[in-house]
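**Q** Quick mapping for you: the protein sequence lines, in order, are chains A and B.
In this text, residue positions in the first sequence follow my numbering: the first is 1, and each later residue adds one.
In this text, residue positions in the second sequence follow my numbering: the first is 1001, and each later residue adds one.
Bear in mind the hints are in silico, worked out from the structure with no lab data behind them.
C-beta atoms are modelled at their ideal positions from N, C-alpha and C, and glycine is treated no differently.
Treat the hints with care, as some may be off.
To be verified - Heads up, simulated SDA-like pairs for lysine to any residue below, C-alpha to C-alpha not over 25 Å straight-line:
#, chain 1, residue 1, chain 2, residue 2
1, A, LYS20, B, LEU1254
2, A, LYS117, A, TYR98
3, A, LYS21, B, PHE1105
4, B, LYS1188, A, MET36
5, B, LYS1099, A, PHE28
6, B, LYS1162, A, PHE28
7, B, LYS1158, A, GLU208
8, B, LYS1099, A, VAL40
9, A, LYS22, B, PHE1105
10, A, LYS119, A, GLY102
11, A, LYS119, B, LYS1162
12, B, LYS1162, A, PHE47
13, A, LYS22, B, LYS1177
14, B, LYS1162, A, GLN23
Claimed, not checked - The calculated label-pair distances, taken between Cβ atoms and stated as ranges, are:
#, chain 1, residue 1, chain 2, residue 2, range
15, B, THR1051, A, PRO227, 32 to 40 Å
16, B, GLN1159, A, SER27, 48 to 56 Å
17, A, THR81, B, LYS1162, 16 to 24 Å
Said to hold, decoys possible - Pulled from the structure, derived: some chain B residues nowhere near chain A, Cβ distances all over 12 Å:
#, residue
18, LEU1020
19, ASP1060
20, ARG1061
21, LEU1065
22, MET1096
23, LYS1099
24, ALA1110
25, PHE1144
26, ALA1147
27, ILE1160
28, LYS1226
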Amino acid sequence: MSEAAIHSEELTALSFEKIKKKQRIISFLKGMLFLMPSIVLFSIFLFYPLVRTIYLSFFLTDASGTPTAFVGLDNFIQMFTSPVFLQSMQSTFLFVHYTVPGTVLIGLFLAVIANEKLKGIGFFRTIFSSTMGISVAAGSVFWLFLFNPTMGWLNQILGFFGMESIGWLTDPNFALISVSVTTIWMNLGFTFLILLGGLQSIDSYLYENADIDGAGYFYKLRRITIPMLSPTLFFVLTVSLINAFQTFGQIDMLTRGGPQNETNLIVYSIYQEAFMNYQYGTASAQAVVLFVIILILTLVQFKLGERKVHYQ
Amino acid sequence: MNMPLSRKLIFYTLLFVSALLVFAPAMIAFMMSFMTNQDIMAGNMIPTSLTFDNYLAVFDRFPLLNYLANSFIVSIVIMIGQLILCSLAAYAFVFMEFKGRDVLFFIFIATMMVPFEASVIPNFQTIRDLGLIDSYAGLSLPYFAMAFGTFLLRQNFKQIPKELKEASEIAGIGHFKFYLTVVLPVAKTSLVTLGVYGFLTSWNMYLWPLLSTTNDSVRTVQIGLKQLQSQEQLNEWGVIMAGGIIVVLPTLILLFLGQKKLQQGLAEGAIK
């Protein structure tokens, strides 16, 4: 009697284990079923290209992009000794240096003044976010006219004040700045929208308390708004940095990398090397540099962000 | 909250001046699209007469309707693809428990570090080798899977009470049915947010359509605008601006309608 009971107990324990294992496999398969579409596409269009780009960077290729000869690090050595590429790197970093602080600071200013409870504020919010709906191609066309040497408004305004015309897109001293201004304008809408969202999620109770203590406007801005906004600011900064390194459309529309390669930013340089000169190997080497830059930036930002950002 | 009048005045001044500066490039383009060529060539800032000819000319001389239709199809396809893939993935991360889930989640985060622009060479070769150059599939497929969208929906799905899932399990409702009948309807708002965002960014794509289209049959409106600009560069600014205005109109309308939701949704996905 008791022997039989023990036996059946063992049996149920055993089958229980089995069922549990089976269930675990089933739930794994079910989970994969939901994730499979994303994983497959990420593999084809993201992870494979990553590996393939690194692979190609060690080869010479024919015009269709098939690797023909292994050249080791030659592509990289050639790249880092080429004055054109070094110029392109310098322009890229300068461009980032101009656009990122510009976008974030102006976006922050707009978000702060649009966060007041005033009549008709919705209208201003709509206007400030509008550039998010304007494509790179259309935005470039708009600015292309403003930059026009004779008819453009910018030179007309300069002329009105008796100043000499500027070749906004043709003068090597101005081209990168002109492209940067256009880029800041284009990215303003998105930055503004995110920052305004961040501002609105700050607890109004904090401000009420400060009001009772008689705190002034700028005191509140410095002591409450900016610290409470820091996670959003941090996010916006990361996104702007990564975006700046990936800039392409406005270069293609406004300057095509000129004058004298002044605005030949890295993505445009990759595009030219691969799809105009058919040098897929050296283009891939440049793409690897872009990968590494973005990787380092993201990691550094995560590390710094953890320490300095104030989370609620 | 009552603000003293002087402060109100300062804010309104700042708001007006900023709005004028931010909106000026688009406003000028809008004005020019109704100006005659003589006015523009003479450098007049204020038009002497208004005309609709530029719009007629741009539709007449360019397959603009064709481009618009292509952009609509591609943007809608990408939007739907993203909504399906992101919501499925987000569901798995919130409501399913299985081995390797956290590793997969980390992999999703890691995809955000890989810029599309840098992987464009192999992607072009893949699409070319699959024979998908000049096809809607080639234009849209690389954009279906999206980590940001998955995170955004995951945040929203998390707010659905776990008890609901438990109750449905007892009632014998499976994952897929729960996803379709409970989760998707409840998360309608964030699906709309993601949809608007997906449509906006797809409509505005530049580099990928430039590479993956070679003729007018599937070419999108952004690349059409680039061609318009490079062909007419020297003189007909009115026509170019009319083209530009038509290109931004759908996205601007969408943005104005969905601005509030977009702002809340994006902020949620960004911060939490």
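**Q** For the pair supplied as a hint, LYS1162 of chain B and PHE47 of chain A, confirm whether the alpha-carbon distance does not exceed 25 Å.
**A** 34 Å, violated
**Q** Checking one constraint from the list: CA of LYS20 of chain A to CA of LEU1254 of chain B, max 25 Å. Satisfied?
**A** Judged against 25 Å, a Cα distance of about 50 Å means the pair is violated.
**Q** Using Cβ atoms and 12 Å as the threshold, tell me whether MET1096 of chain B really stays out of contact range of chain A.
**A** 5 Å, violated
**Q** Examine each Cβ of chain A, and state whether all of them lie more than 12 Å from the Cβ of ARG1061 of chain B.
**A** 16 Å, holds
**Q** Should the label of LEU1020 of chain B as a non-interface residue stand, given a Cβ cut-off of 12 Å to chain A?
**A** 9 Å, violated
**Q** Does LYS1099 of chain B clear chain A by more than 12 Å, comparing its Cβ with all Cβ atoms of that chain?
**A** Label violated. Min Cβ-Cβ 6 Å, cutoff 12 Å.
**Q** Would the pair LYS1099 of chain B and PHE28 of chain A pass a check requiring their Cα atoms to be no farther apart than 25 Å?
**A** 6 Å, holds
**Q** Given the hint that LYS1099 of chain B pairs with VAL40 of chain A, does the C-alpha gap stay at or below 25 Å?
**A** Answer holds: LYS1099 of chain B to VAL40 of chain A is near 19 Å, not above 25 Å.
**Q** Does GLY102 of chain A sit within 25 Å of LYS119 of chain A, going by the straight-line distance between their CA atoms?
**A** 28 Å, violated
**Q** Can you let me know if the beta-carbon spacing of GLN1159 of chain B and SER27 of chain A is within 48 to 56 Å?
**A** 23 Å, violated
**Q** With the threshold set at 25 Å, check whether the alpha-carbon distance from LYS117 of chain A to TYR98 of chain A stays at or below it.
**A** Measuring from Cα to Cα gives roughly 32 Å; hence the hint is violated.
**Q** Taking 25 Å as the top limit, are the C-alpha atoms of LYS1162 of chain B and PHE28 of chain A close enough?
**A** 20 Å, holds
Consistency with the previously given hints fails for numbers 1, 2, 7, 10, 11, 12, 15, 16, 17, 18, 22, 23, 24, 25, 26 and 28, ordered from lowest to highest.
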